[in-house]
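Residue numbers (this note's numbering), protein chains in the order written: chain X, 22 to 220; chain A, 22 to 220; chain L, 22 to 220.
I should point out that these hints are in silico values taken from the structure, not numbers from a laboratory.
Put simply, identical chains are the same to the list, so a pair is met inside one copy or across any two.
Derived DSBU-like pairs (lysine-lysine); straight-line CA-CA distance at most 35 Å:
| # | residue 1 | residue 2 |
| --- | --- | --- |
| 1 | Lys163 | Lys217 |
| 2 | Lys125 | Lys27 |
| 3 | Lys214 | Lys125 |
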Amino acid sequence: MWIISKIYPYSLSQRLGAICDVLYTMWIRNSIGHLGDHSYIHYPCSLPAGRRQISIGDHTVIQSHTILACWEKYREQTFTPSITIGDHCDIGEYNHLTACNQIKIGNGLLTGRYVYIGDNAHGGLSWEEAAIPPEDRPLCSKGEIVIGNNVWIGDKATILGGVTIGDNVIVGANSVVIHDVPSHCVVAGIPAKVVKSLS
Amino acid sequence: MWIISKIYPYSLSQRLGAICDVLYTMWIRNSIGHLGDHSYIHYPCSLPAGRRQISIGDHTVIQSHTILACWEKYREQTFTPSITIGDHCDIGEYNHLTACNQIKIGNGLLTGRYVYIGDNAHGGLSWEEAAIPPEDRPLCSKGEIVIGNNVWIGDKATILGGVTIGDNVIVGANSVVIHDVPSHCVVAGIPAKVVKSLS
Amino acid sequence: MWIISKIYPYSLSQRLGAICDVLYTMWIRNSIGHLGDHSYIHYPCSLPAGRRQISIGDHTVIQSHTILACWEKYREQTFTPSITIGDHCDIGEYNHLTACNQIKIGNGLLTGRYVYIGDNAHGGLSWEEAAIPPEDRPLCSKGEIVIGNNVWIGDKATILGGVTIGDNVIVGANSVVIHDVPSHCVVAGIPAKVVKSLS
Numbered sequence: 022m023w024i025i026s027k028i029y030p031y032s033l034s035q036r037l038g039a040i041c042d043v044l045y046t047m048w049i050r051n052s053i054g055h056l057g058d059h060s061y062i063h064y065p066c067s068l069p070a071g072r073r074q075i076s077i078g079d080h081t082v083i084q085s086h087t088i089l090a091c092w093e094k095y096r097e098q099t100f101t102p103s104i105t106i107g108d109h110c111d112i113g114e115y116n117h118l119t120a121c122n123q124i125k126i127g128n129g130l131l132t133g134r135y136v137y138i139g140d141n142a143h144g145g146l147s148w149e150e151a152a153i154p155p156e157d158r159p160l161c162s163k164g165e166i167v168i169g170n171n172v173w174i175g176d177k178a179t180i181l182g183g184v185t186i187g188d189n190v191i192v193g194a195n196s197v198v199i200h201d202v203p204s205h206c207v208v209a210g211i212p213a214k215v216v217k218s219l220s
Numbered sequence: 022m023w024i025i026s027k028i029y030p031y032s033l034s035q036r037l038g039a040i041c042d043v044l045y046t047m048w049i050r051n052s053i054g055h056l057g058d059h060s061y062i063h064y065p066c067s068l069p070a071g072r073r074q075i076s077i078g079d080h081t082v083i084q085s086h087t088i089l090a091c092w093e094k095y096r097e098q099t100f101t102p103s104i105t106i107g108d109h110c111d112i113g114e115y116n117h118l119t120a121c122n123q124i125k126i127g128n129g130l131l132t133g134r135y136v137y138i139g140d141n142a143h144g145g146l147s148w149e150e151a152a153i154p155p156e157d158r159p160l161c162s163k164g165e166i167v168i169g170n171n172v173w174i175g176d177k178a179t180i181l182g183g184v185t186i187g188d189n190v191i192v193g194a195n196s197v198v199i200h201d202v203p204s205h206c207v208v209a210g211i212p213a214k215v216v217k218s219l220s
Numbered sequence: 022m023w024i025i026s027k028i029y030p031y032s033l034s035q036r037l038g039a040i041c042d043v044l045y046t047m048w049i050r051n052s053i054g055h056l057g058d059h060s061y062i063h064y065p066c067s068l069p070a071g072r073r074q075i076s077i078g079d080h081t082v083i084q085s086h087t088i089l090a091c092w093e094k095y096r097e098q099t100f101t102p103s104i105t106i107g108d109h110c111d112i113g114e115y116n117h118l119t120a121c122n123q124i125k126i127g128n129g130l131l132t133g134r135y136v137y138i139g140d141n142a143h144g145g146l147s148w149e150e151a152a153i154p155p156e157d158r159p160l161c162s163k164g165e166i167v168i169g170n171n172v173w174i175g176d177k178a179t180i181l182g183g184v185t186i187g188d189n190v191i192v193g194a195n196s197v198v199i200h201d202v203p204s205h206c207v208v209a210g211i212p213a214k215v216v217k218s219l220s
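Extracted from the complex, chain X is given alone in its bound form:
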């Protein structure tokens, strides 16, 4: 293995991985509604549903093992579910973006690993719905998710439906955002609350 590591060192495997990501993006871009210039989807990602309703801006990266899904078949609403991601975003590894309503992300979003952004829930909170398996409950949504510009979402944070996050916001690691977040602040905790205003 010593000789192999001289012929094919770790640094070379990294460069081949980068080429693989470029080829993967070229292969997958026809499946997506819109993928802007200089934007990349790293190998492998998962696009289980509603690929045509996904729109990604320019200079944006979707890191590997991320799921982007628009669940059309579940919608009862009259409009089409969609995910719109702006320019210069970096969606981290192992993220999960799932819409049965709308997810609208501005420019310059950075997310950590294992972030969940989802506008849908398995059923409401009635006794009747709770008594059937969650998978059999109809998907519902408290409302769309809107994320402003220059937002930074920490590792393992969770953003739920009906939430609007302003511009220049930092969401702390492991937080769960269930209420609106104003611009220019840091939020953290379960549920996430403003812990600092940027001055």
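Chain X is fixed; fit chains A and L onto it per the hints.
Just chains A and L now, kept in the frame of chain X:
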């Protein structure tokens, strides 16, 4: 790559992935104590120990990258550790179920990604045990984990030993459940507390 | 598939995986600053930057899908960023250790899955920095991270910059550690606080 994406589009890769999961289930089912009808284990999962003590009901799916482990070698108790999963469950991707005692899951469980359900801990809280490396402390358990029917566990939640969760419960994302949860409610936070009773 | 599972059972695939990890370690060890005796890096891990500044002791395991990174290019400080891991540590799967300052880990650390230990942040909290995309903000660090001996960090915990954790500490699952932690205690929550002193 444009031509390849016409001959071998993303949607076809998805269908081949589904076939791969069926073959993987057929291959792995002999290793498991019991795997019910119409139940699937998606490629790849990890079954590092105690595979014969794992029992999975009908119409249940174990999503990819999940670990199921019964640690027999660590037990000091007289009974055999086991994991029992009911019917119509959907165990999400990247979950980790680990037992040195018993994990008993009812019907209709749905879990998000990165959920941990484990009844064991590395040692107790004595000064003597704390002064040795955690890996060298004997595995111990506060008690079995029992999860009722129609429970929905959100992304990145953690369920620890000695906990009983009732029927029709929703466990919020990123929560840590260390106390019993009654039926018909929503729990959230670290530690998880009842935030809403279903009416 | 039934016949294949007899010829090539799951238990054999596990043993081949272990051999793969040994070969992977032999292949990758030349890229790392120091890798001690009887220490292994499981396939696959990611070492995107600063591999020569990573030092790993004896009898230590880095589980698969973990990222170790020293970001030299971002440094404004006069010293070199580094990650030092002691002996008999077990860094779990899907962890992320990232330094633009120093991460110093003692002996006997055990971490769960999805743990983040990172001393760096994208920019400070000024209005000017918040108004540019997080990725374009200069990396900065509140200070080094020091972790003592025999520490156990639970699943999905997050350890941020400027934090010193004492000896024989247990960090609860899903916690976010932003303040120093004394020796001989259990911390939990967001932010993590002492919930029990070991006696």
